[in-house]
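First to last, the protein sequences are chains A and B.
Each residue of the first sequence is one higher than the last, beginning at 24 in this note's numbering.
Each residue of the second sequence is one higher than the last, beginning at 24 in this note's numbering.
Among the hints, a few may not be true.
Note that identical chains are pooled: a pair holds if it fits in a single copy or bridges any two copies.
Derived pair list, reagent style SDA-like, types lysine to any residue, alpha-carbon separation capped at 20 Å [unchecked claim]:
| # | residue 1 | residue 2 |
| --- | --- | --- |
| 1 | Lys120 | Asp48 |
| 2 | Lys280 | Leu332 |
| 3 | Lys280 | Asp248 |
| 4 | Lys120 | Ala232 |
| 5 | Lys120 | Arg136 |
| 6 | Lys280 | Asp49 |
| 7 | Lys120 | Arg141 |
| 8 | Lys280 | Val119 |
| 9 | Lys158 | Leu133 |
| 10 | Lys158 | Asp142 |
| 11 | Lys280 | Asp324 |
| 12 | Lys120 | Ala283 |
| 13 | Lys280 | Ala326 |
| 14 | Lys120 | Asp49 |
| 15 | Lys120 | Ser333 |
| 16 | Lys120 | Gly184 |
The hints are simulated quantities; they were obtained by calculation from the structure and are not laboratory data.
Number of protein chains: 2
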Amino acid sequence: MIEAAAARLDGHARRTPMLSSPLLDDLAGRRVLVKAECLQHTGSFKFRGAWNAITALRPQGVVAFSSGNHAQGVAWAARLTGIPAVIVMPADAPRVKIDNTRALGAEVVLYDRAGEDRDAIGARLARARGLTLIKPFDMAEVIAGQGTCGLEIAEQAAQAGVTAADVLVCCGGGGLTSGIALALEARAPGLRVRPAEPEGFDDVARSLAAGALQSNARLSGSICDAIVTPQAGALTWPIIARLCGPGAVVSEDQALKAMALAHDRLKIVLEPGGAVALAAALFLPQPGDAVITVATGGNVDRAMMARALSA
Amino acid sequence: MIEAAAARLDGHARRTPMLSSPLLDDLAGRRVLVKAECLQHTGSFKFRGAWNAITALRPQGVVAFSSGNHAQGVAWAARLTGIPAVIVMPADAPRVKIDNTRALGAEVVLYDRAGEDRDAIGARLARARGLTLIKPFDMAEVIAGQGTCGLEIAEQAAQAGVTAADVLVCCGGGGLTSGIALALEARAPGLRVRPAEPEGFDDVARSLAAGALQSNARLSGSICDAIVTPQAGALTWPIIARLCGPGAVVSEDQALKAMALAHDRLKIVLEPGGAVALAAALFLPQPGDAVITVATGGNVDRAMMARALSA
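If we strip away everything but chain A, and leave its shape as in the complex, we get:
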């Protein structure tokens, strides 16, 4: 499925570069390779899964629940394929996210977090208008789409002479983490995926340590909002449990420092949740001569970037 997804994405998704900087290598004490998914269409890897699901399933229209990167990926993939997209967002979502999603061509339906049931709204829209739900991570076509990032990592790491290393991946529901892990199992078995998460929202690290699925106690209050989810999925967790190494957990301050260093040394813009894997590579003890990190997204507002740069 990942190979089929790669064929569908060819010429439509960007093959994002694998970046590095000698000054980051010095800081980490080893080579640090950074897969810059912030440069993907709509600013995060999410376009991959959205494009693959839409072109594989060929729906007459799609619906998604998201106020963030998944919404933008689905909206733009739908626009490019000429089908309608309805994005269901909480009425208190930041104005800029609502505007951006509309600017990418989607219809935004707002709901009241307190009084309305998101799933019921989505199901009603899907029935009434013949829309297909594109889930943010727990859907085979989405996982396969994200897995194309893993195929590229296998090739780019080999080109860089790296055949044995850990691959740190910013992890929310685990769609990207599991997709990359499946791709690397087949193509680069010397590369081992490890999920990276922020402190307080480290359900996947705890799940791996416990050998059983754990949840987050809370779902708000993190600057790493892009990768905060209740828990990994019914599809993604078994893949992560089978293939991934121990989780890496960083503080919000470390994520902000990694954003500033990515600005200085790589010339890329990362959001806090997209910087946790780089933070783990730079600030936590790591094994080996080289470490690969996936910089998953760059949809950060100006004030948060200014905060990272002044820290």
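Start from chain A and add chain B according to the hints.
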């Protein structure tokens, strides 16, 4: 020479991506393609010319005058090829630039702007230690190296379906501008290069308008310091005069706004001098359905980026 340079750079320089955003297209009223040279090694296109000159001439060591992007490009190309690099910088250069150049493996020789002659210091070093001077723009091997960016633009524009468009290039001494113009003359004659400069330092635009080489009245006081030079070179000016369209001149405020939009929409970090071409594409009237811009560099300090983001 550009084709030979491309062979030398293959596997050593990055093939930088051509980025775009539907939201920037909407703002400009046409497609805007952005060649992201800020993602090149050392954060600017300068690595191309430095690498080509060093691998073509095979010197036993190199010397360069620069406090900026050229210094970093030469330092890192020398380090990778295992030869010594001496960078001659004014003693009052910002500490961070001196430190960065040293961190890339170069020896930094400081001189007193008021009392010492830079050229005499360089000539003495070159003689005494057998070093070869790598000029920042007016040197055939450097122009050919920068021209490899033009070969990539020709291919990437064709892949994007753009065969007739203006190519706005941030222009200082004209090494990149002339190199790209030569490459496009041969490979994509429907693409016309136009130099982009900041107000008050628009010598190349005035030269093109006058049909004769003009100089800048002053050489300091611009936030676009990376592209401020006295005038175009003896080699670069005739190429620019023969091949380039009229210059585009933007304000510092427009450059800062383009930096912020590149942050928001493309997830790349640009320095003011690296953003003037994008600023021209977004804020000045342009012809045609599409415009290509070269985002030449991203070596900006955190305070300047914070200023751009708060504007």
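Hints versus structure:
1. For the identical chains of this complex, Lys120 and Asp48 are inter-copy neighbours only, at 19 Å across copies versus 35 Å inside a copy, given an alpha-carbon limit of 20 Å.
2. For the identical chains of this complex, Lys280 and Leu332 are neighbours both inside a copy (8 Å) and across copies (18 Å), given an alpha-carbon limit of 20 Å.
3. Taking the closest pair of Cα atoms, Lys280 and Asp248 come within 20 Å of each other only inside a single copy of the chain (17 Å); across copies the shortest separation is 27 Å, beyond that limit.
4. Taking identical chains as interchangeable, the C-alpha atoms of Lys120 and Ala232 are never at most 20 Å apart, the minima being 35 Å within one chain and 44 Å between chains.
5. For the identical chains of this complex, Lys120 and Arg136 are intra-copy neighbours only, at 16 Å inside a copy versus 50 Å across copies, given an alpha-carbon limit of 20 Å.
6. For the homomeric pair Lys280 and Asp49, the shortest alpha-carbon distance inside one copy (16 Å) is at most 20 Å, but the shortest distance between copies (33 Å) is not.
7. Taking the shortest Cα distances, Lys120 and Arg141 sit within 20 Å of each other inside one copy (18 Å), while across copies they are farther apart (52 Å).
8. Taking CA atoms no more than 20 Å apart as the test, Lys280 paired with Val119 passes between copies only; the shortest distance there is 18 Å, against 25 Å inside one copy.
9. In this assembly of identical chains, the alpha carbons of Lys158 and Leu133 lie at most 20 Å apart only when taken from the same copy (18 Å versus 59 Å across copies).
10. Within a single copy, Lys158 and Asp142 get their C-alpha atoms as close as 11 Å, which meets the 20 Å cut-off; across copies the closest is 64 Å, which misses it.
11. Taking the shortest Cα distances, Lys280 and Asp324 sit within 20 Å of each other both inside one copy (16 Å) and across copies (15 Å).
12. Within a single copy, Lys120 and Ala283 get their C-alpha atoms only as close as 23 Å, which misses the 20 Å cut-off; across copies the closest is 17 Å, which meets it.
13. In this homomeric assembly, Lys280 and Ala326 come within 20 Å of each other (Cα to Cα) both inside a single copy, at 15 Å, and across copies, at 15 Å.
14. In the homo-oligomer, the alpha carbons of Lys120 and Asp49 lie at most 20 Å apart only across protomers (17 Å), although the nearest pairing inside one protomer, at 37 Å, exceeds that limit.
15. Taking the shortest alpha-carbon separations for Lys120 and Ser333, only the inter-copy value of 19 Å comes in at or below 20 Å, while the best intra-copy value is 24 Å.
16. Within a single copy, Lys120 and Gly184 get their C-alpha atoms no closer than 40 Å, and across copies no closer than 30 Å, so neither meets the 20 Å cut-off.
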